[in-house]
Amino acid sequence: MDILLQPFQFEFFRNGTLAAVLVGALCGMIGVYIVLRGMSYIGHGLSHAIFGGAVVSFVMAWNFYLGAGIWGFIAALLINQTVRRTKITADAAIGVVTTASFAIGIALISRYRRFTRSFDAALFGNVLGVSQQDVFVVAGVALMVAVIIFFCYKQLLFTTFDAEVAQVYGVRTAWVDTLFALILAATLIASMQILGVTLIAAALVVPAITARLLTDSFNRMILLSTLLGAATGFIGMYISYYIDVASGASIVLLQATVFGIVLLVTALRQRAAQRLIHIHV
Amino acid sequence: MQPLVELDHVTFGYTTSPVLEDINLHLHAGQFAALVGPSGAGKTSLLKLILGMLKPNQGVVRIHGQALDSRTAPQIGYVPQLETVDWNFPVTVEQVVQMGRVRRAGIWPWPRAEERQRVRAVLERLEIAHLGQNHIRNLSGGQQQRVFLARALIAEPDLLVLDEPTAGVDMRTAENVLHVLADLNCQGMTILMTTHDLNAAAAHIPWLICLNRQIIAEGAPEEVFTPAILNETYQADMLVLRQDGMLFVQQKPHSHSYHEILVNPVPGGALGHRVETTDGHPTSTVSI
Chain A
1 MDILLQPFQF EFFRNGTLAA VLVGALCGMI GVYIVLRGMS YIGHGLSHAI FGGAVVSFVM
61 AWNFYLGAGI WGFIAALLIN QTVRRTKITA DAAIGVVTTA SFAIGIALIS RYRRFTRSFD
121 AALFGNVLGV SQQDVFVVAG VALMVAVIIF FCYKQLLFTT FDAEVAQVYG VRTAWVDTLF
181 ALILAATLIA SMQILGVTLI AAALVVPAIT ARLLTDSFNR MILLSTLLGA ATGFIGMYIS
241 YYIDVASGAS IVLLQATVFG IVLLVTALRQ RAAQRLIHIH V
Chain B
1 MQPLVELDHV TFGYTTSPVL EDINLHLHAG QFAALVGPSG AGKTSLLKLI LGMLKPNQGV
61 VRIHGQALDS RTAPQIGYVP QLETVDWNFP VTVEQVVQMG RVRRAGIWPW PRAEERQRVR
121 AVLERLEIAH LGQNHIRNLS GGQQQRVFLA RALIAEPDLL VLDEPTAGVD MRTAENVLHV
181 LADLNCQGMT ILMTTHDLNA AAAHIPWLIC LNRQIIAEGA PEEVFTPAIL NETYQADMLV
241 LRQDGMLFVQ QKPHSHSYHE ILVNPVPGGA LGHRVETTDG HPTSTVSI
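Chains as they are written, first to last, in this note's numbering: chain A, 1 to 281; chain B, 1 to 288.
Since the hints were derived computationally from the structure, they do not count as laboratory data. Even for Gly, the Cβ is constructed at its ideal location relative to N, Cα and C. Hints are supplied without guarantee of correctness; some may be wrong.
Stated by the list, open to error - Listed next, the stretches of chain A that the computed footprint assigns to chain B, with coverage defined by at least 3 CB atoms under 8 Å from CB atoms of chain B:
{"id": "1", "region": "2–11"}
{"id": "2", "region": "169–182"}
{"id": "3", "region": "203–217"}
As the list claims (entries may be wrong) - Short, incomplete list of chain B residues facing chain A, as computed with Cβ under 10 Å:
{"id": "4", "residue": "Ile-76"}
{"id": "5", "residue": "Thr-84"}
{"id": "6", "residue": "Phe-89"}
{"id": "7", "residue": "Asn-138"}
{"id": "8", "residue": "Ser-140"}
As the list claims (entries may be wrong) - Simulated restraints on C-beta separations:
{"id": "9", "chain 1": "A", "residue 1": "Leu-214", "chain 2": "B", "residue 2": "Asp-158", "range": "40 to 48 Å"}
{"id": "10", "chain 1": "A", "residue 1": "Leu-213", "chain 2": "B", "residue 2": "Gln-133", "range": "44 to 52 Å"}
{"id": "11", "chain 1": "B", "residue 1": "Gly-141", "chain 2": "A", "residue 2": "Leu-276", "range": "22 to 30 Å"}
{"id": "12", "chain 1": "B", "residue 1": "Gln-133", "chain 2": "A", "residue 2": "Ala-61", "range": "50 to 58 Å"}
{"id": "13", "chain 1": "B", "residue 1": "Asp-158", "chain 2": "A", "residue 2": "Phe-150", "range": "29 to 37 Å"}
{"id": "14", "chain 1": "A", "residue 1": "Ala-174", "chain 2": "B", "residue 2": "Asn-199", "range": "37 to 45 Å"}
{"id": "15", "chain 1": "B", "residue 1": "Thr-84", "chain 2": "A", "residue 2": "Ala-256", "range": "28 to 36 Å"}
{"id": "16", "chain 1": "B", "residue 1": "Asp-244", "chain 2": "A", "residue 2": "Leu-214", "range": "55 to 63 Å"}
{"id": "17", "chain 1": "A", "residue 1": "Asn-63", "chain 2": "B", "residue 2": "Gln-58", "range": "45 to 53 Å"}
{"id": "18", "chain 1": "B", "residue 1": "Asp-86", "chain 2": "A", "residue 2": "Ala-174", "range": "31 to 39 Å"}
{"id": "19", "chain 1": "B", "residue 1": "Ile-107", "chain 2": "A", "residue 2": "Ala-267", "range": "55 to 63 Å"}
{"id": "20", "chain 1": "A", "residue 1": "Gly-170", "chain 2": "B", "residue 2": "His-26", "range": "19 to 27 Å"}
{"id": "21", "chain 1": "A", "residue 1": "Gly-95", "chain 2": "B", "residue 2": "Ala-228", "range": "51 to 59 Å"}
The following block holds chain A by itself, in its conformation from the complex (with noise of 0.2 Å):
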């Protein structure tokens, strides 16, 4: 027990354990309507694009959440407004936004070489370097989303199902849309600290999807997907703490190995079945 309990005597780790578990469980939440959608690289790209208007925030003097998150929030909508309005698909809109987002940020770095601050933490994330005040804002972005995601769950549901017949319901989509981009923006934003650009696409993506597989109802799988991503982010930090690696490689490996363990048990199940079926045939 006190092997257990002998990492919480530091401060770096309770704070990165706890906002471990926010990140993981407001990542599962949101990935299960970026899984549903079809946009499972807008986590990967907006990541991206965040990290370009981190740099632009950087170089104006802005406040890094303002600026970014702004930054963020504005090519959500891009992307959004891009795949609704247009022939392009929504991984080509993801591309173009996000890269070329991507792109102002390596040319202002590469422009302005008096950099002082280091770009490693928003890119790797660095749990361990997690304040209070941190915590703060990730526990302030997943009580936001919570409370979005509870009263505007019908809307949510249906605009992710079937957008185009939820508008002749009644669903004013474009509101639901731009609502998504933002809490969108602020989970990736308050995850950017803690897991970093390269390992917020999994975070998004892996809780979902191993969800979708254990689940065929929807709000069985937002349960398990936010579950899930708050106990790799727990579990993933004692790993971290152990065995001595990065802590946001460890929650995406435990991620990873979760999600190939319980496609491996669905297949073999499905294969019983098949062959259950067989036999009574």
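Dock chain B against chain A, hints included.
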């Protein structure tokens, strides 16, 4: 009497060339009508204009006499083509039907007891109450069609719009779906649908609108299903067969200039059909 749906000189195109040109159409409360025409004739676009999903380039669409506006969405129940549905989406039959109440449901994510009762009632009305907890993928084509019909009905619409409800299902299921629609129409529901199944349309739907970019003709099946109107609508030679008061439409099987086949008692008492050329002269009389 004010029409329920009114299209006044509506022209629409996705690009510069119009898909629909100068459409004038009135649909009155209690009518059961179908749009027929070849693929690309603009049937689905016309439905989408009525639903407010598309905006006309010219002209105006009115529902209950009011021009369609994104702020005043009318009560329309819409059943899309089944092939546009994501069948892998994790939703049960009940969840899909509940979506139809999205405008009237409360703020809580879960349905109220009253909403659940409504869902059960509409599923019972369509004889699929036992499937409420099933995933939508695990249903037959006819059951799937009924689920989306249930979603439309639970919205308590003034108008029911269906895009090819008989496409992709077997003949018996198509027949069942059309019977359900006919029953709903008898109970006062106004229905507008599209179909490619001309024979089913002739047998079940009292008002047909032949469309090919423009409205070629509209009326009862016996009025509009003539070789001349069908040829103009489909730009292909069509044969019309009449038997025992029923109409059958067939595409002309080969290149002879047949005009119409009429099943009549052949002089002499035996049943047969007469094949006419386009100028009306009989070419042969065949006993059946």
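Annotated coverage of the region 169–182 of chain A by chain B, confirmed only when three residues or more have a Cβ within 8 Å: Since 3 is at least three, the answer is holds.
Lying within 44 to 52 Å: is that true of the beta-carbon distance A:Leu-213 to B:Gln-133? 19 Å, violated
Is 45 to 53 Å a correct range for the gap between the Cβ atoms of A:Asn-63 and B:Gln-58? At 49 Å between Cβs, range holds.
Does the closest beta carbon of chain A sit nearer than 10 Å to the beta carbon of B:Ser-140? 17 Å, violated
Does the beta carbon distance between B:Ile-107 and A:Ala-267 stay inside 55 to 63 Å, or does it fall outside? 40 Å, violated
For A:Ala-174 and B:Asn-199, compare the CB-CB distance with the range 37 to 45 Å and indicate the outcome. Roughly 42 Å apart at Cβ, these two residues keep to the hinted range, so it holds.
That 22 to 30 Å hint for B:Gly-141 and A:Leu-276 (C-beta), does it hold up? 26 Å, holds
For the range 50 to 58 Å, tell me whether the beta carbons of B:Gln-133 and A:Ala-61 fit it or not. 57 Å, holds
For the hint 29 to 37 Å, verify it against the beta carbon of B:Asp-158 and that of A:Phe-150. With a Cβ separation near 32 Å, B:Asp-158 and A:Phe-150 satisfy 29 to 37 Å, so the hint holds.
Per the hint of 40 to 48 Å, is the separation of the Cβ atoms of A:Leu-214 and B:Asp-158 within bounds? Distance hint for A:Leu-214, B:Asp-158 holds at roughly 42 Å.
Status of the given 51 to 59 Å range, CB of B:Ala-228 versus CB of A:Gly-95: 53 Å, holds
Cβ distance range 31 to 39 Å for B:Asp-86 and A:Ala-174, holds or violated: 21 Å, violated
This entry does not satisfy hints 1, 8, 10, 18 and 19, going by the numbered hints stated previously.
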